[in-house]
Structures are given as structure tokens and as C-alpha cells.
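**Q** Going line by line, the protein sequences match chains A and B. Counting in this note's numbering, the first sequence tops out at residue 331, every number present. Counting in this note's numbering, the second sequence tops out at residue 313, every number present.
No lab work stands behind these hints: they were computed from the structure. Please read all numbers here as calculations on a predicted model, not as lab measurements. There's no promise every hint is true.
What the hints assert, rightly or not - Below 27 Å or equal to it, Euclidean Cα-Cα: the simulated DSSO-like pairs (lysine-lysine) are:
id	chain 1	residue 1	chain 2	residue 2
1	A	K161	A	K177
2	B	K132	A	K279
3	B	K161	A	K161
4	A	K194	A	K161
5	B	K132	A	K255
6	A	K279	B	K130
7	A	K255	B	K130
Claimed, not checked - Pulled from the structure, derived: some chain A residues nowhere near chain B, Cβ distances all over 12 Å:
id	residue
8	L26
9	L28
10	S53
11	D78
12	L93
13	M131
14	G169
As the list claims (entries may be wrong) - Which stretches of chain B does chain A cover? Using the computed rule of at least three CB atoms under 8 Å from a CB of chain A, they are:
id	segment
15	26 to 35
16	139 to 153
17	280 to 292
Glycine residues also receive a C-beta, built at the ideal position from the N, C-alpha and C atoms.
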Amino acid sequence: MDTNPPQNDAVLPKVLLLRPSALTLLPLAARLRAHFHLLDPLDSSEPAQSFLSLRCRSVRALLCLFTPFVPVNAGTLDLLPSLELIVVSSAGLEHVDLPYCRRRGIAVANASAAFCEDGADYAVAMLIDVMRRVSHGDRFVRAGSWPVQREFPLGFKLGGKRVGIVGLGSIGSKTAKRLVSFGCSIAYNSRKEKPHVPYPYYANVRDLAANSDILVLCCALTEGTRHIVGKDVMSALGKGGVIINVGRGALVDEKELVRRLVRGEIGGAGLDVFEKEPKVPDELLALDNVVLSPHRAVMTPESLEAVQELIIGNLRAFFSNEPLRSLVQHE
Amino acid sequence: MDAIGVLMTCPMFAYLEQELEKRFKLYRFWDFPSQRQFFKSHSGSIRAVVGNTKLGADSALIDALPRLEIVASYSVGLDKIDLGKYEEKGIRVTNTPEVLTDDVADIAIALMLGVLRKFCGCDAFVRGGKWKGGDFGFTTKFSGKSIGIVGLGRIGSAIAKRAEAFNCPISYYSRSEKPHVHYKYYPNPVALARHCRILVVACALTEETRHIIGREVMDALGPEGVLINVGRGAHVDEPALISALLEGRLGGAGLDVFENEPEVAEELLRMDNVVLLPHVGSDTVETCEAMADLVVANLEAHFTGKPLLTPVV
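Just chain A, with the same shape it has in the complex (with noise of 0.2 Å):
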């Protein structure tokens, strides 16, 4: 008789793997395959291609974690029949063809909710900084200047100030509460109106910005939403206009945002994200009234636990047939 029944991956359901080539996943993996048999095509000598059409027929689910190193599109997808659900690490979805899932019935869960909080918690903490020069004030004290300059240059108050959020997702909306108790007043821009939303909508960033002191950026990169703050925006703003990044840097024209910064024709800028990361503008540097950051708006051991969790709560809630913790709605 079998006193030890096999825990192999034979009883356990399987979920396609699909990470940056970079990427050690230690402690994550163990928790994954105490539940589900890992099909990873980085730990097999095939190549992907032939690893997926050949290995991967019967596979449900596919797990996105980062930007992997096969896209999540339609020549990946048509290689995987059977799939009804990608599970992606974070709250951008722009490596994954949303259009293509819809017409084949696949679910999509993202992360956002894990780490929404510290998202918001880093976009308020980077408006603050722009509006009243903390990282500013911080080198000029460690500096040692403060004895010898004295006088450090007047910051700028939050509250009464105009903040226009373009994206009021979850990181958007919580960003939009912090700030609210700051005395800021919001207005919002996103794909559609959101019934039941406190805040003034524009149908355009651009009339968003019109009306605003400050833009905070929290959507998602997708086709629609690359440049979107591009010339026009910025003109909108104006001159003592700021702006805040966390979502990602081609949402910006970054071109023309470091010009602007040069010449003093926009207020200053709170940027987490850039076009090329680690890549970071010269001109840039030399600014004070520019806060820069290392893409870290949701790097906590917090957020990265909260990840996992869901992670896994979404893949054990699709294998037992129980409604998703965290789908995407297709609009």
C-alpha cells in the first residue's frame, strides 16, 4: 500500500510560468509549488516556443510576473489552447494584448489591489517633496549650508491647491483620499466617468490640466495613454505647474518635459518612472525643483507579501472554481 501518497506535480494543477529572464524567484516559487506544478520554460533547455506549443496544451493558467521575457500576446497565447486565465505581478497591463483576451473568453487578474496603498502613500510623498522642496531642504542640511546660507527658499503650501489625477484606479482614488485631507481639491481624468466619484471629471487630460495645479499620473500605459502629457498638456498647466509620475515614464514626453524643467516654463516635477530606466535625463540632476526616484512607489516587503498573497489567492480561487480576488474588467 502507498503510505505516502505523492505530492507531485502529476495531483497538483499546473500554471505556466512566464518571468524576466533575471529574475530569481526563490521564496515565491516554494510558496507556488506547495499548490501548483510550475511549468517554467527558463528551467528547460528548449526553446520557448517549442517548450509552450508542446509542453503546454492542456495549461488553464498562465502567471506574468514582471515583463517577462516572452510578450503575453497573440503568438504566445495562440501557442496555449486551453488557457482561461493570466494572472499578471502588477497593475500595468500593457505587456498583455487585453483585446486578444477578451475575444477568447481569458480572464485577467492583476495586483493593484496588493499594493495600491503604498503607490498612493509614494505619490502624495513626492507631490509633498516637489511642492516643499524635502529632498531639497535634506541635501542642503547635509551639505552643511544651512550655516552658512541661512535662508533656503520658500516652498509652496498644499492645501487650495488644484490636483488633477489622470488614471482614478486604485492607486488613483487612494491618492486622491490622502490628498483631500491635505486640502487639496481634485478633479480626475480616465477612460470613463466613474459613477459615484466625489471629484469633477474631464473627458480630457488636457482640460484636466487646464484646471489644475498639480497632475498626478496613475494610469496604465497602454497605446491610448503613451504621451498623453505631451506639449499641449503642459501648456495647459502652465507655468507653476507640477507634475507627478508613478505610473510609468512613456506616459510622459519626457523630450519635452526636460526642456520645459530647463527653462523654467513648468513649476517642477515629481518623476519615479522615465522612458528608459535606469536611464534618468543629465539636465535632470542639476534641478532642485525636480524629485527623482528609482521606480520604487511600491517597493515594500508590505506590498511584495500582499503580492504573493494574491497571487496565489487568485490561483487557488480559479482552480477551485470560486470568483477571482482580483479580475480586470474589460470596459
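Since the structure of chain A is already known, use the hints to place chain B on it.
**A** Relative to chain A, chain B alone:
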């Protein structure tokens, strides 16, 4: 009113000087090489002093100005002002409460976010060209962390309101428990420190509150605890703070004020678990203008026989 002599103790804000000059005869104390000479020549003309917390109107100044009727402080803090003496001599005193409450509360939250999320360190990392060499690493989540407030006055309450938007549970210590307040009260700062992750000093500086944050409070706050000071440098035993940080008995600190401003201890300048600001709590264009307007309005009210707007004495 141009003949009324107003003495300004030190440079504060150009806009304030302009507004005073429009209405009064303004004497800039720092323009006179000899104080003795100044008093000899002009003490009879000075009926008002505009001071701040760097240079208030102290006993010696009061004694040297026989026609002094009013001191309008360009500050909310009155720690440099001998209130008893003013009352005795019938000299009115005004300050600038309320207008700077929001700005100071905003800086308190900025310091909390700064220590936990290390955005100053992140900015320095990028400016130093280090991002190409690798990622910055993880920082600590702020939302939901417990916050203890020392002093639940206007500024303390404004801090609490903001922290609640981040889902932070709030507790406080005050001289006495406040009715109608739904935050948990602790009867002393050590007990408060034991029960929160982030402790923020937002009370007035008085005899009793000098060094209210000492070694015992810091040890109670602990290796993961964070101290935020937007009060006065003298609220915190600074050498004790430095050892606590160096020894890891305290997790981090966000400081807008120091015992010996503008000097800041070398050891602090090298730490990556602190955020250091050059006393900018109320340093916004909007608030400085509002404070200046209030100083001028108080002086105008006094000299036209109307009630003072924000009298302290």
C-alpha cells in the same frame, strides 16, 4: 500712521518689511552697527516691535524701549517671549496662530513618509548616478502604521486628520485628556511611545516640555520606532537621540528643528535613516504672506484703537 516707530528685530520676510514700511516708520535692528547707539538715538520713537522665534523681544529690549506698547511676533511660538513681564508692563503681545497649522502638519507627514519610504535617499541615489549600478532596495510601508502625537493642539490635530487618511491608528499624550476626541489617550510620553510606531512632537515649548523626549521615551519607541519633531529642538535630548540612532535603539528620525540651529550634529548628517530639514515648517509663500498680513493687521488694529486679532497678552 507713518510716524509710528516699529522695530523689526531681524530679517524675516521681504514682503513683511514692505508692508510695514507702507504704514509705519520701520527700523531694521540689523542695520545698526551699534545697539547702544540705536537705543540712544531712537528708543523714544519705538512703539512696536516685530520679532520672531529667532530674535524675539526679550527683557533687555523691553527695558530699552520706554514707549513700547505692542510686540507682534511673526511666529506662533512664544518661547522667546517673557509673557509675564509684558503683562506686568501692560505691553500687548500678538502671534500668528492658525495660519501656519496646515503647513507644519504637512511637513510632519512629509517627514514620516520620508523616514519610512526614504524618498530623499532615493533622490540622492539617482542624482549620484547609482541607479545604473543596481536597484535602491525596499523601504517600509507608511499606511496603517500607528502614530502617537505629543500635544494634541491645532497642529497635533491637523497631523492626526492627515494620518487618518492613510488609515493610521492615532493615539496621543497631552497635559490632560481631551473630551470629545476619539483617539486613545496615554498619560505620559513613555506610555505613548511604547504603543506607537511613529511618535511626533507637536506641542509648545515650555519649562515642562523641555527635553520631553529623552532616552526613556526613545527606548520605549524602539529599534523600529521613528521620532518626528516639528516642535522645537529643545523638546528632544539631542545627544540622547544621536546615541539611540547610532546604537540602533531607535529606528529613525525626521527633524525640522534642532537644539542649536542652524548647526546640525555631524553624526546626523551621515545617517540614512533620518530626514533633516532646515526649520521649514511654515515656510511657504502663502503662509509667510498670511503671517505677515496678520502681523500688520494686529499692529494696525492696535494703533487705531480696535481689538487685536490674535492677542496672546
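**Q** According to the definition I'm using, a residue is off the interface if its beta carbon is farther than 12 Å from all beta carbons of the partner; does L28/A meet that for chain B?
**A** holds, 15 Å
**Q** Taking C-beta pairs only, is L26/A more than 12 Å away from all of chain B?
**A** holds, 16 Å
**Q** Residue count check for the segment 139 to 153 of chain B against chain A: does it reach three with CB-CB under 8 Å?
**A** holds (count 6)
**Q** Can we trust that L93/A is non-interface, i.e. its beta-carbon lies farther than 12 Å from all of chain B?
**A** Check passes; 23 Å lies beyond 12 Å.
**Q** For a C-alpha distance cap of 27 Å, please report whether K132/B and K255/A respect it.
**A** Holds: K132/B and K255/A sit about 20 Å apart, inside 27 Å.
**Q** Is the Cβ of S53/A more than 12 Å away from each Cβ in chain B?
**A** holds, 35 Å
**Q** Assess, step by step, whether the Cα of K194/A is no farther than 27 Å from the Cα of K161/A, and give holds or violated.
**A** holds, 22 Å
**Q** Given the proposed pairing of K255/A with K130/B, does the C-alpha separation stay at or below 27 Å?
**A** holds, 22 Å
**Q** Closer than 8 Å, Cβ to Cβ, for at least three residues: run that test on the segment 26 to 35 of chain B against chain A and report holds or violated.
**A** violated (count 0)
**Q** Regarding the pair K132/B and K279/A, is the alpha-carbon distance no greater than 27 Å?
**A** holds, 7 Å
**Q** Within 27 Å, alpha carbon to alpha carbon, are K161/B and K161/A?
**A** With Cα atoms ~18 Å apart, K161/B and K161/A stay inside 27 Å; holds.
**Q** Given the hinted pair K279/A and K130/B, is their Cα-Cα distance within 27 Å?
**A** holds, 10 Å
The earlier numbered hints that this structure contradicts are 13 and 15.
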